[in-house]
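Protein chains in written order, with this note's numbering: chain B, 662 to 1161; chain S, 544 to 846; chain Y, -8 to 120.
Take the hints with a grain of salt, since some may be wrong.
To be verified - Some chain B residues close to chain S (C-beta under 10 Å, calculated; not the full set):
hint: 1; residue: N663
hint: 2; residue: A726
hint: 3; residue: L760
hint: 4; residue: F857
hint: 5; residue: S870
Since the hints were derived computationally from the structure, they do not count as laboratory data. Only a predicted model underlies this, so the values are computations on that prediction, with no experimental measurement involved. Every residue gets a Cβ at the ideal spot worked out from N, C-alpha and C, and that includes glycine.
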Amino acid sequence: MNARPYLCLLRPGRTLAVLTMYGWLAWSWLHFLFGLPNDASRFLAFAVIIPAMLGGVLIGPIHEAMHRTFFPLLPGARLALRRWHGIGLIAGALALLALAIPLVPEHSPAALAGLIALSMTLPMLNRRRRIGLWHSYSLVLIAAGILLTLAGHVPLGQLCHAAPWLVLAVGLCGAALCFRAGFSESMVRDRWRDSFFYCMQSTLPFVGSDVLTDAQTRGRQLAAERSTAACRTWTLARVGSSLREWVRVLHFARFGQFSRVRTAFGLGCAGLCLVPIFAGTTYLLALADSPNDHVTPAQFCAQILSNATPGQLNTPNGLELLFVMPAVLACMTTAIFAQRASAPAYTFPISRDRLAAVLFFETYRTVGTLLVIFLGGWLACYLIAALVAGQPFHLGLMARATASTLPVLPIASLTLALFLRVRRLLWRVPLFVALVIGVPILQVVFVKTCLDRAFTPLPLAIYTAVTALAVWLCWRAFRSHYRTCDAMQPAINLHALGIA
Amino acid sequence: MNTPDTSTPFAAQSLSKSYGAHTALSDVSLALPAGRVIGLLGRNGAGKSTLLNIASGFTLPSSGDALTFGTPVARLDTPQLTRLGVVQQEARLLEWMTVRQHLDFNASFYPGWDRSLESRLLESLEVDPKRKIVQLSPGERQKVGILLGVCHHPALLLLDEPMSALDPIIRARLLDALLERLRDDGCTVVISSHILNDVEKIVDWVVALDAGQLVENSPFDALQESFAEWTVTSLNGALPARFPEPFVLSQQPGERLARLRVRTSDADAAARFAATHHAQVQSRPLNLDEMFPLLTRQQKARS
Amino acid sequence: MPPLLSIDLHNGVPAYRQIMDQIKLQIATGLLPAGAELPSTRTLSAELALNPMTVSKAYGLLERDGILERRRGQTLTVRAVSDSEAQTGRTEPLRQHLAAAAALARQLDIPPAEALRIFKAALHEKPSA
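So that you can see chain B by itself, here it is in the shape it has in the complex (with noise of 0.2 Å):
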């Protein structure tokens, strides 16, 4: 095997694309939004967090080559990649090192190399094992790499001081221990199991392409495969004209082989999830804002309800992003998500108008469900907080948290319209990106200025005429789409679910 099919493999521009957009994502957020100050927060994006994503980058489209099962009939790939990607892990670290050494002056080359080959090899372990829609590895890496960013980069900072070249002599042994371990023939004969993964630059631009569409089907036919006896029957026996009716065959259509007790289970249990992941952020934002008060969980409860009390917001830099967050996940969600909605899933027997009645009412019912257990999630916290911080708990500090919730439904509905509307890849792109950029903006001037005045009669009447609009633009655009669109799948069996 020689360069051009290993280059070709490796898609060189879509590997810079994705590198460039996730560094800048990572330094960004080390900086503005971590609040590490300047030399710390290039210290971590260049010597770990940058390396780390360069070698997940290098390996994900060999991962991808090792999941399809041409790969076992292909003699002597194994080793043939592994040259070829030791050859990319040296060529890609020399770089960094070369882009490092100037940027992170106060720390010796020596222990900066170490890092950075350590932290290029770790994502080879990856088994691109899931969790349900999550890859295990990955959040493991991501939670490290925030336990470091938040407490560990300063005993790192030391050692990389005090032993450069102890830190140095474990980056190499452990860098070419992850090397072996990721090639070796029991790891790689097990991806072959599991076909499906795709790596970061075949699913560019991430909204719309054409392996995104596939991966999107073939994920519902395995999760279909894969769901288990205790589904639910279909209960209606003769299915009549009403849309009602039929918003229950969609519905029943799209989950009806989960379970209602496991799915109740699963989203109370993703609800609950909420509470540690708000209290551990805002515990270690405040812990890095401020490291030397030494601060109890009831003073800090007590922050977190005088920070639900209507007034000033004078709480840690990043304890506003729990307020933005909403708006933002929203808002990417239904962006990526759009792809799926916009491509009916089944057939049915119904004429186009009404099809997209029915996917249109099933689209907001699952947006509600959504926005219920997040500001179920909410509230549990806050209970949890009253409890340890030993005050009382009153309804009137939810009203922060639904407020912030408020521009959730005007925002989905509108991009969600977008994406309906705009149906050539390339304007997707621009629109995707300033979606990205402009939503969290928005939510920021939203949180900043009118977070407290949400409820009063002016500015409730002004929100509801702009969300009735975007919901009637989103109408307008669900109506139009699939009064024009001709991308159907085949159909599901609906002798299956007692119709017809």
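Following the hints, put chains S and Y in place on chain B, whose structure we already have.
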């Protein structure tokens, strides 16, 4: 024609494979003859794909031995893989690549990749090399799978349902391409297909599986010569309602005229049968479509 | 001149047998005279779209039975036969067809004398213009 490969391309000894509670193959022992076109027949779920997956090293046996080119399938490496070509039923390829890119990628691993054969097959199978694999229909993906498995002149070619999604014109061209490979390389071809009409045109050896067990492993000529349909006309009186001879596999009884499907390699069987039953026997050979249900029924009769 | 063979792969008769029978028939009818060269296995299998093994089996059996012989190394040619052998070669196909006709006559309960009369009439029949 090149000398066909003389070492056994694939051999199995008491091979069994189970997926949890489901047994896909049970106690299969066979040695495929070299240089032949072997038709792997069986009903859905009989274990054909499992056998081919084991032969290509994709799946490992639960018990027993499986040897491809004399090497245990768990240890297949470069020397064996360069001589092995596999066309899978539902291959997963790198979707983002164009056909051209995927061919170049796979070609870089095989020293014997034949570019001229590749371009001739691209033309005859009508594949557009510039299209992305994700945009191809299932039939076109099957064609790409065939290209990836054939162009490096393998000594053993395993084809799992290679023609199910192809239109009749392309199927004919594929068969021509396979025959050309046979003439030029003398390779061993194992083809598992339900389109018996096409299979019949090229196979000269038949391996049949039924519910995971081996029920047939013989030359196709021998099968054609042993299966027959007898039209039995009574010369005096009525015919018996049921003929007890063991070689009678199925019967359509009648008073004066009966149709039997038999399997016997005894040349005088018809004459003796006619004498025993005071009847006249006319024999007609069966084609593969007609033989197929009788092949699998025999297992039930034996057990 | 290459032999004109037409092989039906779907009638259940082994392809090698069909090749053998048709070559024998062509020799008997004089289409393939003694000494005529037959195409190589590869050429014939390519022309008829058959498995080369099938053709080589047919050739091998014809050679074993003394109908074909190998001259000048690789080429197969029709062996010159004595008159009595040629006679048998010609009457054998007719005998097989008549055996089937006789069976049919018995099925239809036609007495042998009547059957012979029909056959004689057919022999004297001229094809219509």
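Do the hints match the structure? See the list:
Using the Cβ-Cβ criterion of 10 Å, the hint placing N663 of chain B at the interface with chain S is satisfied: the shortest such distance is roughly 6 Å. For the restraint placing A726 of chain B at the interface with chain S, the shortest Cβ-Cβ distance is roughly 6 Å, inside the 10 Å limit, so the hint holds. Checking L760 of chain B against chain S by beta carbon gives a least distance of about 29 Å; that is not within 10 Å, so the hint is violated. At about 9 Å, the closest approach between the beta carbon of F857 of chain B and any beta carbon in chain S falls short of 10 Å, and the interface hint on this residue holds.
Because the closest C-beta pair between S870 of chain B and chain S is about 9 Å apart, less than 10 Å, the hint holds.
In summary, the one numbered hint that this structure violates is 3.
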